[in-house]
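Asks: Protein chains in written order, with numbering that gives the first Met the number 0: chain A, 0 to 394; chain B, 0 to 379.
It cannot be assumed that every hint is accurate.
Claimed, not checked - Partial list, derived from the structure: chain B residues whose beta carbon lies under 8 Å from chain A:
1. 25
2. 130
3. 134
4. 190
5. 203
6. 207
7. 364
What the hints contain is simulated information worked out from the structure, not anything from laboratory work.
All values derive from a computational prediction rather than experimental measurement.
Each residue gets a CB set at the ideal place from its N, CA and C atoms; glycine is no exception.
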Amino acid sequence: MQAFVDQLIREGYFPGLPKEIIYLGAMLLAALVVLSFFVAPLAGITSWLERRVWARMQSRVGPNRVGPQGILQWLADGIKNLLKEDIIPSAADKWLFVLAPYIVFVGFLATFVVIPFGSQLIVADLNIGIFYLLAVTSLVVVGILMAGWASNNKWSLLGGMRSAAQIVSYEIPAGLAVLTIIFVAGTMSMQGIIKAQGWAPWDWFLFYNPFTFVAFFLYFTAALAEGNRTPFDIPEAESELVAGYVTEYSGMRFLFFFFAEWGNLYVIGAIATTLFLGGWQVPPVTDNPVLIGVLQFMVFFLKAYFWVFVAMWVRGTLPRVRVDQLMSACWKYLVPLSFVSLLGTAAWMVLYPKGNRLASFGMFLMGVAILLLFFKRVNYQIRHSRPEIYWKPYI
Amino acid sequence: MSDPVHAESEAFHTEDMTISMGPQHPSTHGVLRFIVKTDGEVMREAIPDVGYLHRSIEKIGEKVTWHGYVPYTDRADYLAAMFTNQAFCMAAEKLAGVEVTRRGEFCRVIACELNRIASHLIAVGSFGQDIGAVTPFIHALRERETVNNLMEEICGARLTYNYIRIGGVGYDITPETCGRISEFLDHFELIVDEYNRLLSYNKIFIERLANIAVITREDAFQYNIVGPNLRASGFKWDIRRDIPYSVYPELEFDIPVGTGEKGTLGDCYDRYIVRIREMQESCRILHQCLKMLPKGPAIAKVARKFKPPAGEIYVRVEAPRGDMGFYVVSDGSEYAYRVRIRTGSFTAMSLIDKISRGLMVADLIALIASLDVDAPEIDR
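Could you put together the complete structure from these sequences and hints?
Replies: Rendered as structure tokens:
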């Protein structure tokens with residue numbers, strides 16, 4: 000990105016402007032393009048897809064009226080929320096109340112800077128990429144706490160406090176799981192991590208050794224908790240805390256929180272893909288750079304979106320855990336397990352400095368076996384579930 | 000302030016937070032209100048504040064005729080309207096000495112047990128939703144919809160039935176409807192397995208409910224807990240068996256009781272699983288009733304100007320929320336002199352404060368859901 004702007008400056012496109020202004024303009028333009036042409040449709044369509052998938056799991060229909068199969072429902076919802084009255088409760092702390100959704104939103108949006116959609120398709124390949132990601136996603140908790148406090152509502156306060164405790168706790172297993180991969184890859188740059196893996200599944204860090212395999216599930220569980228998703232959605236548990244920290248929000252401010260939540264689902268998938276699933280690596284099928292770019296983007300997108308679907312699936316299946324169970328799950332099980340996986344990986348690297356190809360292949364076969372077993376179970380459940388009785392109308 | 004210990008405790012002094020939970024709260028099952036005092040997430044006390052759904056149904060009983068009051072009893076518990084119908088009609092019949100026809104009795108039992116399934120489906124489904132699993136709720140409502148369709152075939156209404164009349168039932172059950180009911184039963188018995196796989200044996204669900212909000216048998220007796228909540232505490236008491244009415248003595252059915260299979264006896268999980276098992280027992284009863292359904296009139300001849308002789312009566316039926324009692328006093332006129340309704344949810348409310356102390360806020364939700372309290376039944 001910077002190289003491209005530098006090239007434009009050298010070719011004399013912006014005569015007489017200071018370099019900093021040009022950089023600033025380029026950054027804003029890039030953010031605008033990313034926000035309006037990628038992030039907004041992504042979050043919107045994720046919201047639509049979640050409602051559809053969820054509806055199908057519950058034998059309902061879901062939104063299917065706006066556009067083909069209801070795919071434009073998110074636009075209708077957005078317009079509706081924009082046109083709603085902007086209510087700020089009179090007892091609320093006005094400035095913090097207004098500011099909170101933007102902080103949440105910035106914390107979510109800033110992650111897109113380092114997400115590598117392809118070998119060329121990245122806004123900035125920071126050398127501390129994954130570290131930066133962990134840092135900016137922590138910004139979300141500040142916004143949520145702010146929202147909970149500023150609303151001046153007891154349910155909001157409880158939700159905000161729960162959220163703070165939850166996100167701060169689950170940062171630790173997530174961070175340690177990420178650290179496992181940083182050990183193996185030897186770099187924190189997102190592109191560097193992907194380049195250390197191959198296109199074939201047995202070259203992925205997921206199957207690098209048994210410990211990284213565990214680390215993946217640790218990361219995904221902790222990320223679900225950080226993203227306030229079921230079964231860890233206690234900060235906004237609608238049956239307990241009304242709506243948690245968003246109780247007092249309405250209209251567009253309300254939407255910002257959910258925009259961030261749905262977009263964040265994709266970010267979780269993208270990070271998991273980058274760290275464990277080989278990112279955009281594609282088999283060498285063609286020399287055409289454009290075609291390769293498209294292929295890389297598609298591979299990355301689908302891998303990441305699969306985990307979005309898994310999160311939806313989990314949400315459609317599981318009940319919610321209680322606060323103390325959530326905390327004990329984190330501190331008693333996830334944190335020790337992630338330490339074990341970290342130390343185990345370190346030991347593995349001492350034993351096999353170049354990695355163990357045979358073990359990777361074995362792990363891959365085991366993964367396939369687990370997947371087959373899982374789908375066998377799913378198939379059993381589907382075959383043994385009964386559809387609704389349908390009678391012809393009586394009259 | 001010179002005492003350091005005292006100073007420290009002053010510094011750590013925290014205030015309890017008083018939260019008004021309801022009447023507009025997603026999981027208080029209607030318009031219930033709890034004044035909850037919490038220390039963070041832990042409850043200090045939860046005082047139920049009832050009366051937001053009071054509609055003077057008891058007083059209305061003194062102002063309308065005996066026949067005319069039956070539709071009002073529907074509204075006393077709209078999730079199980081058949082039972083309030085039946086209780087009031089039984090009271091009137093006993094006062095006047097009206098004999099219900101045999102086919103009428105069987106029609107009543109069929110309708111009541113279908114209604115019990117519908118009511119327990121709501122209880123179980125909304126339990127799931129209160130715990131955070133929305134899918135089981137929608138699946139339960141889907142099956143309830145089928146029951147509602149059957150009810151519509153039987154009596155033309157889906158929620159407030161006004162089906163059971165003094166002397167029998169309003170409409171006879173046709174053979175076609177009988178076929179559909181047995182088709183539904185064949186379908187439903189397997190659906191219960193599906194619920195068990197999806198919800199009942201889910202690890203998180205069990206963790207949330209086992210050992211939570213234990214109601215001991217002594218507490219249950221002292222606070223007059225009835226119905227499935229009492230049976231979950233391990234006491235085998237069912238009006239259908241112990242104070243038999245209608246044709247229940249001729250039918251064969253078990254009374255599921257809590258066994259503490261996942262935790263302590265009388266915890267939330269027991270109250271949940273007892274309802275699941277009761278639905279299966281209802282299926283058994285329905286199968287027998289459909290087989291035994293005799294021929295004959297569905298309703299006995301009752302005077303249009305119904306005037307029972309002066310006297311008083313108390314009748315009880317086993318409703319989905321437990322012992323439902325009607326105390327009716329007649330002075331021999333066209334109107335009842337006094338009508339009083341005793342419901343299971345109302346007594347269950349008095350227990351909530353005692354049980355909920357020391358629980359977490361999320362557990363209070365589980366407790367309310369497991370008691371299956373129902374705002375219209377509490378306030379009437």
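Asks: All the hints need checking, so say for each whether the structure fits it.
Replies: Results of checking the hints against the structure:
no. : hint : result
1   : 25   : holds, 5 Å
2   : 130  : holds, 4 Å
3   : 134  : holds, 5 Å
4   : 190  : holds, 6 Å
5   : 203  : holds, 5 Å
6   : 207  : holds, 6 Å
7   : 364  : holds, 5 Å
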